[in-house]
Each structure stands twice: as structure tokens, then as C-alpha cells.
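K.L.:
If you read the protein sequences in the order shown, they are chains A and B.
With numbering that gives the first Met the number 0, you'll find the first sequence wraps up at 327, consecutive numbering, no jumps.
With numbering that gives the first Met the number 0, you'll find the second sequence wraps up at 373, consecutive numbering, no jumps.
I should point out that these hints are in silico values taken from the structure, not numbers from a laboratory.
Take the hints with a grain of salt, since some may be wrong.
To be verified - Interface residues of chain A toward chain B, partial, derived using beta-carbon atoms under 8 angstroms: (1) 99; (2) 111; (3) 113; (4) 260.
Said to hold, decoys possible - Over 10 angstroms on every C-beta distance to chain A, these chain B residues come out as not near it, computed from the model: (5) 3; (6) 10; (7) 172; (8) 217; (9) 241; (10) 298; (11) 321; (12) 355.
Heads up, the beta-carbon is just placed ideally off N, CA and C, and yes, glycines get one too.
Single-letter residue listing:
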Amino acid sequence: MHPEIARSGTIIDIQSITRAFGAKKAVDDLSLRVEAGQVYGLVGPNGSGKTTLTKMLCGLVKPTSGTAFVMGHDIRVAPDKIRQTVGYMSQQFSLYNDLTAQENIEFFAEVHGLYGATMRNRIDEIVSMLGLGPYMKLMAAALSGGWRQRLALATTILHAPPLMFLDEPTAGVDPVARRELWDLLFDLAAAGSNIFMTTQYMDEAERCNQVGYIYLSKLIVTGTPADLKARTVASVAGARFLAFDSNTSPATAKWLRDQPFCRGATVFGAAIHAVVSNDVGDDHVRRAAVRAGFSISGIRTIEPTLEDVFVTLTKQLQAANKAAEKKD
Amino acid sequence: MGLLWRMFLAIGKKEIIHATRSKIMLIGVLTFQIFYLLLLGFIDMNAQNMPTVLVDQDLSTESRELMQKVEATRTFRVKFLTTSIDQAREHIRAGRASVAIVIPPHYHRDRVAGGEVHILALVDGTDAVASTQALGAIEGLAAHINIESQRANANATGGDVLVPRSVLLFNPEGRNADFILPGLLAFIISVGFTILITMAIVRERVDGTLDRLLMTPISPTGLILGKLAPYLVFGFVDTLLYMAAMRFGFGIPIRGSIVLLVVLNMLYTLTILSFGAWIGAGARNYDEANMPMNLVQIAATFLTGYIFPLSSLPKVLLPIAYLLPPTHMIEVTRGLCLRGAGFFDLLPHILYLCVMPVLLIGLAVRRFNAATQI
Chain A
0 MHPEIARSGT IIDIQSITRA FGAKKAVDDL SLRVEAGQVY GLVGPNGSGK
50 TTLTKMLCGL VKPTSGTAFV MGHDIRVAPD KIRQTVGYMS QQFSLYNDLT
100 AQENIEFFAE VHGLYGATMR NRIDEIVSML GLGPYMKLMA AALSGGWRQR
150 LALATTILHA PPLMFLDEPT AGVDPVARRE LWDLLFDLAA AGSNIFMTTQ
200 YMDEAERCNQ VGYIYLSKLI VTGTPADLKA RTVASVAGAR FLAFDSNTSP
250 ATAKWLRDQP FCRGATVFGA AIHAVVSNDV GDDHVRRAAV RAGFSISGIR
300 TIEPTLEDVF VTLTKQLQAA NKAAEKKD
Chain B
0 MGLLWRMFLA IGKKEIIHAT RSKIMLIGVL TFQIFYLLLL GFIDMNAQNM
50 PTVLVDQDLS TESRELMQKV EATRTFRVKF LTTSIDQARE HIRAGRASVA
100 IVIPPHYHRD RVAGGEVHIL ALVDGTDAVA STQALGAIEG LAAHINIESQ
150 RANANATGGD VLVPRSVLLF NPEGRNADFI LPGLLAFIIS VGFTILITMA
200 IVRERVDGTL DRLLMTPISP TGLILGKLAP YLVFGFVDTL LYMAAMRFGF
250 GIPIRGSIVL LVVLNMLYTL TILSFGAWIG AGARNYDEAN MPMNLVQIAA
300 TFLTGYIFPL SSLPKVLLPI AYLLPPTHMI EVTRGLCLRG AGFFDLLPHI
350 LYLCVMPVLL IGLAVRRFNA ATQI
């Protein structure tokens, strides 16, 4: 292990990595550098390649071509070194259901080479940090989603890995437990852990230092959330992001998408985020909506959310792909 | 069409999808009866080529003629020729032969004189089917000779010239328990422990805990050995309990070394566990593990000498039989319990049981690595 890498420098360096399963490419020619000292969030829909990429970085799946260096180790050459160094929390609950929380933690402590007083102290420390105390005698199968994930996290951080891969750590966890779990992750990051995680939740992505968006096996964009938003605003030249409040939001959004001045509209509960051409004013849009029989109670210019960023980028990409197909 | 009927059809339709989705399952479901048919159809219940010692104490033309008749039965294949009954018993005790036919001195003289001649047959009583077959074949041989001789001298007394006397060695009363119980332990261990260890390994893969284990400093060899070890202890306890019950509950003797018996049983259990680990190491799900386990069960039942003696198997299946661990352990247990066989008598089986676990664990680790790093 290179301790200096854990604190500064490039901790993950992915170079044109591809992984194919048969004819399907789960990860396609993906390159990315992640610097030390941050929480990196990889966002993308189901089946976009997040899990395959994470497993490759952990040394659990071999790349078809390209490679990656994790903490200075080439994943093709020394996957075992990486596996022993980093922490990995898989998407699937990977603890023993018929063992108690205590037995699970002790087992993983022992297979990581901890024993005796060192082991007991480390377990006590983690159990109190994660608040697992009252649950230690319960079978893992009896724990609720949030506590199961905390237990999984406990076994992941036992050996104090300098880098942790968390694959959708908050999937299936209720909103309150999700927030608490996130506070814990930030505590860990503040204490010096590097975290690479995947998520489907935009609010979680907003909290990461750096975010990447993976779509159809390719990395579309990476950067800080603020940077990505700024780039997106720039990318929709001649248009602006507007939020509409409408009590018939799905129907209104559907109508909006058909309007020549609208480049895209997404429903967020009772609100709609849309990219509207600068050629038309807010009032023009409101009058057109009323004429069409839709009620709009408020319009305001907004800074795009990360979801707007990803939706916009995806649309731009789809349009580009279509254009390329037509050319062929 | 009624609603219930439609629902019934929906269940059936879904089941067909399940059953046909996995090619291996579909092939299994449609061909297993043919597999059994071929296997059992070729097992000839008439034991053949039983290794035989001919004890010729007469060394005459007539005794050689009798020897030819013995060989002509196809049941017996004369492997050893001797003049000493003790040596013949020794061959049987060591498991090198299962029948001895003793031609007494004066055989030639008595035949010429026209009186009754007794021939003695010593039969290894540790295998129920084989010994019954041997006894029948000897009776048949004597009857055949008697009829021939009556035809040849129609004027003679008309009495039998050849009277066979048979002795069932090591199980004089022909007790069923003696036949079945010593081999049963090896059979149970082969079926039960293969399932236990295979499932224990496949479960890690199916539940996703395997990936988690791979993220620890444990090596695949350490992982597999660590999974085997507890079952070896269970196997040890099982063996001791079984032997105590067999010895004291059913009065089955353990004439050979009990220490050797226990040690070999441990090696055998380890062999079975390593084999199960090999199956589990390559299976991605329970279905893929089930098919080979079913084959193991069939093989352990029919091809290991547990029910059908090896002498009743078609020749092409013999190499398979000798590749299977239970074949060796059943032979070892019968030899040690009933015949009082010694270390050197069992040497080939002992060597097999020493080599196989090492070989199989090596193969299991290789297979595990191949299945893990895809």
C-alpha cells in the first residue's frame, strides 16, 4: 500500500476500460481520474454499468480491455492486493442472514486478521460509532433495511480501508435512515477515508464532492456538482431553465414538450423543470398554457438541479446519436 | 373456459418455462430414465469373472480337467493356483480373491473308483450378491458334472460322483446386516457430505457473500480448506457413532485395525468433501450444482459395489467404478470389519485415499479461481 496516495494525488485512474458480457458492453471505453480526499459519486440508471465498473475497480471482475490503477495497483496485475486493501460494500446484502450482527462483525474482523484486544476495541469503536449496540444480538435477517446497511458498513470499515467502494449503499433504505447513513459516510470521509460510491438518488449526488454520470455504459460527464450545472447552463445556449408550478403537472409537461420554444420538460411532483428558449418571455409561455387549457400558478428561472443536468445531457446525447444514425 | 381452469393453465405454463429455461435441467428431465435404463440394463446380475483360487491338492489329469470346467462357467476366473488351503484363505482375506475351490487329494483315485468325491468351496461372505451367485454356480457346476458322468456310465450306481461343500467365510450365518452395514457408512458419507459441502459453497456465491469474502486477505485455498474442516469433524463424529452402533448394536465385528479404519474413513470423508468442493466451486447456482450431485448419488448406489458387486458390472463401467471413492472405502470397510484385512492387503485403496483429496482440492481451487475471475 502507498499511504501517501491515500491522502493526496490520484487514487483511482481508469484508462479506457471496457468490460463486455458476450456481445453487450457493460462498461464501454471509460476513462476517469479520481483524486484523493473526497467522496466521489457515480450516478446512472439501472443497467448503466455502475456495478460492473465498481467490481472491476475492486479487482472482482477483469476488464475486457483497458485497465485501471487503484491506489497505485494495476487491477489486471494485482487484483488481490486491491481486494485486500480497499473496502467494498456490494449492492446485494452480503452478510450471513443466519448469523447475529455480532457474529457477522466478529467473523469479518477475524478474516481481516484482527484478533484479541485489538479486535475487541475496534469492534467496540465501530459499534458505538454506528449505534449498532442494541442490535448486536439479533440475526442479520431480522434487521430492517437501514440497520442491515449499517451492519454491512460496519464490516466494510473494520480494517480501516483507505479507500471504500460503496455500491448503492442506500438502496432500500427509508429516507430518515438514508440521511443518517449519509451523515455517517461524511464523518468517515472527514476522518480521512476516500469514498467512491454509486447511487440513483440525485439528492445524494448533490452532496458528493465530485459526480460522474454514466449512461449506456459510457461516462457522460464528471466534475463538481456546481461545475456540471454551470456547464449545462452553457450547453443550452439561447435557452434558460424554468420551473413551473402546475396542479396538472404531468399533462402540462406533456403539452410543454410539444411546444416549439421548449427543449425539454421533466416533472418533479407538482413542479415542472423545462428548458425554454430565450426568444419567448415567461408571460408568453403562461398565456399559451392557459389557452391550451392548462393552469400554471407560478413561473421562475432556476439554477438547474443535478437531475436537470443529467436529463439534459442524456437528451443531447440521444439527439446526437440519432443524428449520427441518420448519417449512416 | 372456466376461470379456475385458466389459472391452472397459467401455473402449468409458467412451470414449463421454468423447466425449459435451463438447458441442463431440460436435458436431465427428458433423459434420466434412459440413463437409468442403460446403466441397469447392462448390469448383469450373474456375477462374472470372480477372482478365484484353485487349490489343487491332487495335481492329476482329472483335477486339471475340473479346473477347465470351473473356468468354463464364466462365473469364476482362476487367478491363483495353490495346493494350500491356508494360502487360499489368505488370498480371500486380503481381498485378492473371492472364491476358493479345493480339489482334495485322491480326487483322481476316488473318481476312478467311482465313489463320492467332496469338493470344498470357500466363498467370501462379505458381499451378499456375489457370494450367493458363487454358491449357485458351484452347485450348478457339480450338478453338470454329475449328469455327464451318469450319462457316460449308465450302468453305474446312479449316485452323485461330485458333492460340493460350501463354506461362507467371514459371515458364516449369511447375516444380512453383515453384508449391508459395513458398506453403508461409505455410501451415506458420499451422498450426504457431497450435498453439504456443495451447498455450503454455492450458497456463498448465490447470496453474494463470496464477493465479500474475496475482499479479504483469505486465499481461495484457505477459503476452501476452511469450509471443509468443520465437516471433517462432523464426519469424524458420525463415523465413531456409526461404528459404535454397528459394533455394539448389531454385533458386527471389527476384525482389523480400528485405528486404521477410522483414519481411512477420515481420508475418505476428506476425499468426498474435496469432490463436493469441486462441484460447488464451479456451479453458479443451485441447479448447476444439483445435476452433478444426482449423478454422484446414482453412481454411489449402482457402481461402487455397495448393492451390485463389481463382478456384476459391465467391463466398460469398471474404470468408472474404480475412479469413485466409495468403491474403495466400501472395500476397505468390508475388508477391515469382516475379513480382518491388514494394511498391506488394502494398500492400493489406501494410496488412492491419500492421493485423491490432494488432487481434488487442487482441482477445486483451480475451478474456483476460474469461476471467480470471469
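K.L.:
Failing hints, ascending?
P.N.:
1, 3, 4, 8
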